[in-house]
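Student: What follows is each chain in one-letter form.
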Amino acid sequence: MSIERNKRKPFPWVKTAVAAVVVGALIVLGAQVFERQLHPESAGIAPAARVPGAEFPTDTFKGKDVPQPINYSHKLHAGDLGINCLYCHTYARRSKVAGIPPTAKCMGCHTVVGTDKPEIEKLTQMWQSNQSPAWNKVNDVPDFVHFSHERHLQKFLFDNPEMDIKNAPDVCAMCHGDMNQVGVAKKMKPLTMGFCIRCHENNQGPSDCTRCHK
Amino acid sequence: MSKTKINRRNFLKVLGLGGAGAALAGCDMPSYVTLEEGEEKIYSYLAPEEYVIPGVGVWYASTCLQCPAACGTHGRVREGRVLKLEGNPNTAVNAGKLCQMGQAALQAHFNPDRITEPLINGQPASWDDALALINEKATKNVAWMTGAISGHQRVLLDAHLAATGKGRHYAVETINARAWTDAGKAVLSDAMPTLHLDKAEAVLSLGADMLGTWISPVTFMGQYGQFRAAPRGVLMAVEPAMSLTGANADQWVAAKPGTEAAVALGVGHLLMTKHGLSLNSMPNATSAFQSMTPARVQDIAGVSEAALNKIADTLASRKPSLVVANASHAAARVAMALNIMLGNVGKTLTPGASIVADPLAPIMGSTKDLAEFAQNADAGKIDAVFITGANPAFIAPQGLNMAAALKAVGFKVALATCHDETTKVCDVVLPLSSALEDWGTHVPAYGGKPGVVHLQQPLMEPLHAETRGLGDILLTLGKSAGVDGLEAFEDYYGYLRTAVSAMIGSEQEGDWQRVLQAGQFEAPAQDHAFSTGSDVALGFSENADAGLHLVTVARQGLYDGRHANSSWLQEAPDQITKAVWDSWAEMHPKTAADFGLKDGDYVSLTTQGGAITTRIFTYKGVHPKAVCVPMGRGHTDYGRWASNGVNPLTIVDAHLGDWQSSEVLATATPVKISAVGENRHLVRLMDTDQQHGRKLVATISAQQFGRTQGGA
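Residue numbers (our numbering), protein chains in the order written: chain A, 1 to 214; chain B, 1001 to 1712.
Careful: at least some of the hints might be erroneous.
[Unchecked claim] Interface residues of chain A toward chain B, partial, derived using beta-carbon atoms under 7 Å:
1. Lys-62
2. Pro-69
3. Ser-95
4. Ile-100
5. Lys-105
6. Gly-108
7. Trp-135
8. Asn-136
9. Lys-137
10. Asp-140
11. Val-145
The hints are simulated quantities; they were obtained by calculation from the structure and are not laboratory data.
If you're wondering where the values come from, they're calculated on a predicted model, not measured in any experiment.
Glycine included, every Cβ here is placed at the ideal spot set by N, Cα and C.
Isolated chain A, as found in the complex (with noise of 0.2 Å):
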């Protein structure tokens, strides 16, 4: 059927324009995946698991290198010497925040231990003229969100009864990647509300938008 339609005459730039906003998008969006290495997995697959009862989010992330006044080495102490994270980050099981740890925990083995290192003499040098580090926050998420370590621990680790808390780095890997490889920290999860989201939907949590922005 013919029906003669009324032809507008189109505007010749529209075409082009629209080409390029997708040619554009698809540059920042291939450029984010290459640099980032961001590879959003959608919902279901999930490789071995390694939180017994948890779907392991898989996302990953291309973190800055952040400074920090203490060029500290999470790879030294918690790969190699297989320090637990909650005996530093001790908070993070009775606060929202997981904390940096206070230099008294440092200087607990640091007064003996490999004091003749220049970090060590730094980090003595700040203690004993009773100044705080002022360390870079790199796992950080915008004001409006708040977000609890110690409901999230409550889930995975204690409340878990396969999980035994030697174990607790594979909980905090969910988030914060595998923290043994690093020297000090780096962001490893993209930690976007889409990355929150799909854990949630995953592992049954709360997906009412005030348990988090309220």
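Mind docking chain B on chain A? Use the hints.
Tutor: The following block gives chain B in isolation, referenced to the frame of chain A:
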């Protein structure tokens, strides 16, 4: 015709693709802007106490100093900062509640206009220089001016005065209960009897704003709830302009300013003649009651016979009742006589009790002291004055010539957290710690358990390096003046800890910690001697002026103006008019019409003391012969948020020569008004008193209700 074709299919395809791109970009792609890495700082602790957990607040007990009531508080502290204040549930004065002024203490503490260093003649100086100058100049004829004060701060202050020539301590409070306490002392030998609002079946208030600013509002608020519980008490209020208490009254009676005593006498008259009560123990009162007929009350106060009868009938039929008054000394005395006649003594009015350690007892303050300071300063009797917790340059009526009086004092030292009109004229200004950074003990004047002492402790480290606490400054001054026994103490904390340990009879750390946790401790108290019915002259005199009178009232919030530098309290709407951030003059619509004025018209209010210009607010809750301008605004030098409104305190009658038997700020000042030709809308929250047909509050007349619901 162009070759390009946008047909529907292509358009939808592009839309879908673009939309998907946008969605992908929104929820999941890390936004370089929102998710920061390495932007914020975390300052870790060095060696925190066990109970200090980042992210978890710890509560500490302290005391609120936003008004003289001294309610106990709990402050939530997180990561070394106090973030929220609540009432201390264990202090009887406020039973866990905290009024808006208490909440705003947080803002007073973090106020950006805090004084951060000592000043000499307006120039920054060191503490050493400032203290050296004080040692040089403040050696004799020294006076202290403070607000209401109690506890160990008072002890040190008295000691300093004793060591510098036995000068006088002027305790100045614009808002006070001196009318009531003087009457209590005269009639009952008890300046502060205990009132049992919760036990009363009827309450008559003659200008005593129990729920707003009178004595200890939070205490009365708590009792008021019980007063209104079944069987529901009846509240009556007589005042020239509606207060918060008046707004809650079942029967509100507008009386001409300054005539509340006459109304009370009229009530007494009816109680005697109509209800057969008698007061034989007080013949003076009896004859005063007898001669005040309802017709005279109508004449003097503009209160109708019907209204007067209703009050008397209520008081006679509901027992026990309670009559409170603060409008004038005479009204308070009549109220005491009425309480005796009604048999309330022993039921709703019982002997008060005070702490035995008299040097710690509270001095409540008055404007009588303000007037006497002006008089003595003018007469050259004061060589040096220390001023803290008072702003005489702002609150003094013109008639007291406070500016000249202050000038006549050779050396003036202000201890303050923020600059105000008074610090501006002082030679030395010492930066004070805020109430949330300081130590202290405080004995509540009313509402606490007898003998209770409230503890004030710092809720965080001082915000500013060079501020010092009041107690610390008093200790330093005391040592320089040679007061005995202070050398052992390095700071006020040490002094206080020793003093408190002596009072609780233990030096154990655990017991001190328990006191800090509770925020209070009990010291021995004794009941007041109490005698009913000293037959004093009631002191009533008629106000002959038939014209318009200015009244200024205190509204909880800005109080006497001390909180005008709090944006929270400026923003909090006035309880009666719901106005914010500016002044107004409440005027009855009939009066406005008589003067050809409409709501919002600016008028000049002129009294013997001066003139102020502000807009009128037509309101039926004010006597037609009264113009009410609430106090609190009109600052000229009080920080970034206080430059608004007008100050009625300057133009009220100073009642010079009369302040022995009345407060300087007594209620009736003759005033003339004239329009200045401007009109501006007063900004109010919920800017209407009408429902505009929206049926927000459905009403039905009692008659109709009786008919339709079969009510008795």
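Student: Can you verify the interface hint for Lys-105/A: is its Cβ closer than 7 Å to any Cβ in chain B?
Tutor: Result: violated, 9 Å to nearest chain B Cβ.
Student: Regarding the hint that Lys-62/A lies at the interface with chain B, is the smallest CB-CB distance below 7 Å?
Tutor: 10 Å, violated
Student: Taking the least C-beta to C-beta distance, is Pro-69/A closer than 7 Å to chain B?
Tutor: 10 Å, violated
Student: Given Asn-136/A as an interface hint, is its Cβ closer than 7 Å to any Cβ of chain B?
Tutor: 4 Å, holds
Student: Return the status of the interface hint for Asp-140/A: holds when the least beta-carbon distance to chain B is below 7 Å, violated otherwise.
Tutor: 5 Å, holds
Student: Answer holds if the nearest beta-carbon of chain B is closer than 7 Å to that of Val-145/A; otherwise answer violated.
Tutor: 10 Å, violated
Student: Any CB of chain B closer than 7 Å to the CB of Lys-137/A?
Tutor: Interface hint status for Lys-137/A: holds (4 Å vs cutoff 7 Å).
Student: Quick check on the hint: Ser-95/A CB to chain B CB, less than 7 Å?
Tutor: Nearest chain B Cβ about 4 Å off; hint holds.
Student: Return the status of the interface hint for Trp-135/A: holds when the least beta-carbon distance to chain B is below 7 Å, violated otherwise.
Tutor: 4 Å, holds
Student: For the hint on Gly-108/A, does the least C-beta distance to chain B fall short of 7 Å?
Tutor: 10 Å, violated
Student: Was the hint right that Ile-100/A lines chain B, CB cutoff 7 Å?
Tutor: 4 Å, holds
When each numbered hint is compared with the structure, violations occur for hints 1, 2, 5, 6 and 11.
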